[in-house]
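Residue numbers (the working numbering), protein chains in the order written: chain A, 455 to 854; chain B, 455 to 854.
What the hints contain is simulated information worked out from the structure, not anything from laboratory work.
Repeated chains share a single entry, so a pair holds when one copy, or any two copies, can fit it.
Once the Cα atoms are required to be at most 20 Å apart in a straight line, the calculated SDA-like pairs of lysine to any residue come out as:
no.	residue 1	residue 2
1	LYS788	ASP812
2	LYS820	SER507
3	LYS820	ALA587
4	LYS820	ARG597
5	LYS788	TRP854
6	LYS637	THR482
7	LYS740	MET571
8	LYS465	ARG840
9	LYS465	GLY842
10	LYS740	LYS820
11	LYS740	ILE767
12	LYS788	TYR829
13	LYS820	LEU596
14	LYS820	PRO590
15	LYS820	GLU592
16	LYS820	GLU573
17	LYS740	GLY819
18	LYS637	GLN472
19	LYS788	ARG808
2 protein chains.
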Amino acid sequence: MSLFLDLVPVKEAVRVLQTCAPGLPAETVPLPEALGRILAAPVTAREDTPGFSRSVVDGYAVYAADTTGAGEAIPAMLAITGRIGMGEGDIPPLSRGECMYVPTGAILPPGADAVAMIEYSEEMGREVLVRRAVAPGENVTLRGDDFHAGEEVFEPGRYLSPRDLGVLGGIGYGTVPVIRQPKVGIISTGNELVPVEQVPGPGEIRDVNTYLCYGYVCERGGTPEIFGIVPDEREALEEAVRRAARSCDLVLISGGSSKGERDMCAAIIEEMGTVHIHGIALAPGKPTIIGTIGTTPVIGLPGHPASSYVVLIALVDELIGAMTSSAVHHRIRKATLTTNISSARGREDYVRVRLEGDDAVPLFGKSGLTNTLIYSTGLVRVPESREGLERGEEVEVILW
Amino acid sequence: MSLFLDLVPVKEAVRVLQTCAPGLPAETVPLPEALGRILAAPVTAREDTPGFSRSVVDGYAVYAADTTGAGEAIPAMLAITGRIGMGEGDIPPLSRGECMYVPTGAILPPGADAVAMIEYSEEMGREVLVRRAVAPGENVTLRGDDFHAGEEVFEPGRYLSPRDLGVLGGIGYGTVPVIRQPKVGIISTGNELVPVEQVPGPGEIRDVNTYLCYGYVCERGGTPEIFGIVPDEREALEEAVRRAARSCDLVLISGGSSKGERDMCAAIIEEMGTVHIHGIALAPGKPTIIGTIGTTPVIGLPGHPASSYVVLIALVDELIGAMTSSAVHHRIRKATLTTNISSARGREDYVRVRLEGDDAVPLFGKSGLTNTLIYSTGLVRVPESREGLERGEEVEVILW
Numbered sequence: 455m456s457l458f459l460d461l462v463p464v465k466e467a468v469r470v471l472q473t474c475a476p477g478l479p480a481e482t483v484p485l486p487e488a489l490g491r492i493l494a495a496p497v498t499a500r501e502d503t504p505g506f507s508r509s510v511v512d513g514y515a516v517y518a519a520d521t522t523g524a525g526e527a528i529p530a531m532l533a534i535t536g537r538i539g540m541g542e543g544d545i546p547p548l549s550r551g552e553c554m555y556v557p558t559g560a561i562l563p564p565g566a567d568a569v570a571m572i573e574y575s576e577e578m579g580r581e582v583l584v585r586r587a588v589a590p591g592e593n594v595t596l597r598g599d600d601f602h603a604g605e606e607v608f609e610p611g612r613y614l615s616p617r618d619l620g621v622l623g624g625i626g627y628g629t630v631p632v633i634r635q636p637k638v639g640i641i642s643t644g645n646e647l648v649p650v651e652q653v654p655g656p657g658e659i660r661d662v663n664t665y666l667c668y669g670y671v672c673e674r675g676g677t678p679e680i681f682g683i684v685p686d687e688r689e690a691l692e693e694a695v696r697r698a699a700r701s702c703d704l705v706l707i708s709g710g711s712s713k714g715e716r717d718m719c720a721a722i723i724e725e726m727g728t729v730h731i732h733g734i735a736l737a738p739g740k741p742t743i744i745g746t747i748g749t750t751p752v753i754g755l756p757g758h759p760a761s762s763y764v765v766l767i768a769l770v771d772e773l774i775g776a777m778t779s780s781a782v783h784h785r786i787r788k789a790t791l792t793t794n795i796s797s798a799r800g801r802e803d804y805v806r807v808r809l810e811g812d813d814a815v816p817l818f819g820k821s822g823l824t825n826t827l828i829y830s831t832g833l834v835r836v837p838e839s840r841e842g843l844e845r846g847e848e849v850e851v852i853l854w
Numbered sequence: 455m456s457l458f459l460d461l462v463p464v465k466e467a468v469r470v471l472q473t474c475a476p477g478l479p480a481e482t483v484p485l486p487e488a489l490g491r492i493l494a495a496p497v498t499a500r501e502d503t504p505g506f507s508r509s510v511v512d513g514y515a516v517y518a519a520d521t522t523g524a525g526e527a528i529p530a531m532l533a534i535t536g537r538i539g540m541g542e543g544d545i546p547p548l549s550r551g552e553c554m555y556v557p558t559g560a561i562l563p564p565g566a567d568a569v570a571m572i573e574y575s576e577e578m579g580r581e582v583l584v585r586r587a588v589a590p591g592e593n594v595t596l597r598g599d600d601f602h603a604g605e606e607v608f609e610p611g612r613y614l615s616p617r618d619l620g621v622l623g624g625i626g627y628g629t630v631p632v633i634r635q636p637k638v639g640i641i642s643t644g645n646e647l648v649p650v651e652q653v654p655g656p657g658e659i660r661d662v663n664t665y666l667c668y669g670y671v672c673e674r675g676g677t678p679e680i681f682g683i684v685p686d687e688r689e690a691l692e693e694a695v696r697r698a699a700r701s702c703d704l705v706l707i708s709g710g711s712s713k714g715e716r717d718m719c720a721a722i723i724e725e726m727g728t729v730h731i732h733g734i735a736l737a738p739g740k741p742t743i744i745g746t747i748g749t750t751p752v753i754g755l756p757g758h759p760a761s762s763y764v765v766l767i768a769l770v771d772e773l774i775g776a777m778t779s780s781a782v783h784h785r786i787r788k789a790t791l792t793t794n795i796s797s798a799r800g801r802e803d804y805v806r807v808r809l810e811g812d813d814a815v816p817l818f819g820k821s822g823l824t825n826t827l828i829y830s831t832g833l834v835r836v837p838e839s840r841e842g843l844e845r846g847e848e849v850e851v852i853l854w
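The shape of chain A in the complex, shown without the other chains (with noise of 0.2 Å):
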């Protein structure tokens, strides 16, 4: 057995967890379920939306050339022959020379092409003065200017925000085809391992990757499953994938991926399954396993925390993304690095970095601590081509 693993460069390790990516089927929920969820058939307006013209604002409904050349000095007077209520719809045709109240948001009247604003306009009896004149158009919202009827209004793989829940509602879809949540096990293995409510001997170290594992798929848009700590026994571990590989869509394995006499993770998979890659040209996160059991992926991450969320958004994001047939978005902010880092060509490095100001601060820990995950606020890709990236450089830091 070689001491040394095989690397594979991140940009096929991509291309084979693309491949090997199973895809989620669609389901539909209740509007409201929608939000962050990925859409999964395109979503078309069923009819023009608004459905009629409408006013912007508050004021009176007229002809835009009865007002022309109105100002303060003199104004136009138009005779006022109604009051258009909100949602009423049955409004009766306006003559030139005449104008009706609206409130904003209600219809216009069939003639009427602009709204005076009731700011710039005074009721007087059966008469109304208006002060500006209005252009054609002013104040209004023509049928159909929001969405027309059959135009594509979402994309499929849309991640669906907020504001896209709201139109959707606007546009009527009370229930919305998506892409199922990917159920992802998530198994820690170790025997040094205990579990967060046990003060660890000499040795052992409490669990940090399961609870690290849960709260990324949580933020990716899955159901996470725990399976606990699983020790470094062959038939624990086997019993414990291969329950994650029947019940879940993915499988993250953390620890005993390396090539220790004690890693036996891959050799598991390799019986269960296939192994694609083990070793990936990747700092930190060298030791990752990408295999498959059945359809389901299972992805071997490194034991070290800060390893294991490296490789969760440099590999596992496009995995998933894949899986759920949408683009990896990462949050991106440009900023300036403050110092060397030194890399080796043909090795793809993340470095985690602490923004101050615009600056980029490298935080360079020993490995296997934690406290960088959480006094960095994001990652700065060091690509292979390059064996460095220079103090004073502009870098995009990937932010957690």
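Use these hints to put chain B onto chain A, whose structure you have.
Frame of chain A; chain B shown alone:
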């Protein structure tokens, strides 16, 4: 009755919101449920983490001094006296000239101060050849390197991320004190509104704001309660507002907040409580009402969805921040404005923009349209001291 509202500056409105924000109590939740919640009390490390000196690689625990001068040509030769397993704690001390195998993460034997990587060592029977010298502390995490006993790890008011969850697990917080989630009542008013399932007739439109507010409240970590569409009838609206104010921590009413004939929202709040502000020097968002009924803030939002959403970002975010004792963190991205934006001095404007690369392209649409909510990437604020922003200026985009 004046047709014009007395406009209060945004800064003053924010101050009033902070004053009338009821502080929410703390509650204790299991660790996984703390994701996305606001920490209610400081979190300190109860013991040193890690609790012992650990290897960060697979290799051999050594006295660093024993490897001085070691290299490919002349390796250091050390007697191997044991193999440490993961999680083992009771390890006999190491003597000079000796080494023990340690896997990544395992405890070092007493005496050892460095680890020689397995990649640069060779086991030959009862001896190990170390082909690369190590310095004291090399490949070792010392006790307390991550967190020291008694150290404050998290401050109250922190929004808890997946990484925070992992670290909380690592330092033994199986339950976490967090601020109770605000329960937010949502009321849409207007005779023109029909529910999402219904095809609107002439003069009618579907309710957008209920879903917009619902999504917003969820995204801000609150629990939304939908009170539905209420017609512009005094008794019906009074009854809905009373019920919502009684059962919720905050009430959002959209529509019925301007000075038109049918806008009775302010009158109802005044009758049951206090209207602190009606009319804000904010565009869009001018007719906003800030009131309280008992200790419950009641916010009257404009009926136009896009205006409503600006008020949520510019004002309600501040209110929820104050209620949950946490700072408002808008996601910001710098960009270059592609066209002039005109404003009015003394008024704060929020313009929807679409990001195209590093350009911020303003989306000017008729008031009352919802499509800009989904075609835009965020908002650019024109401060009240400015009469506009110029093409080519660097602006901060508040990302949706």
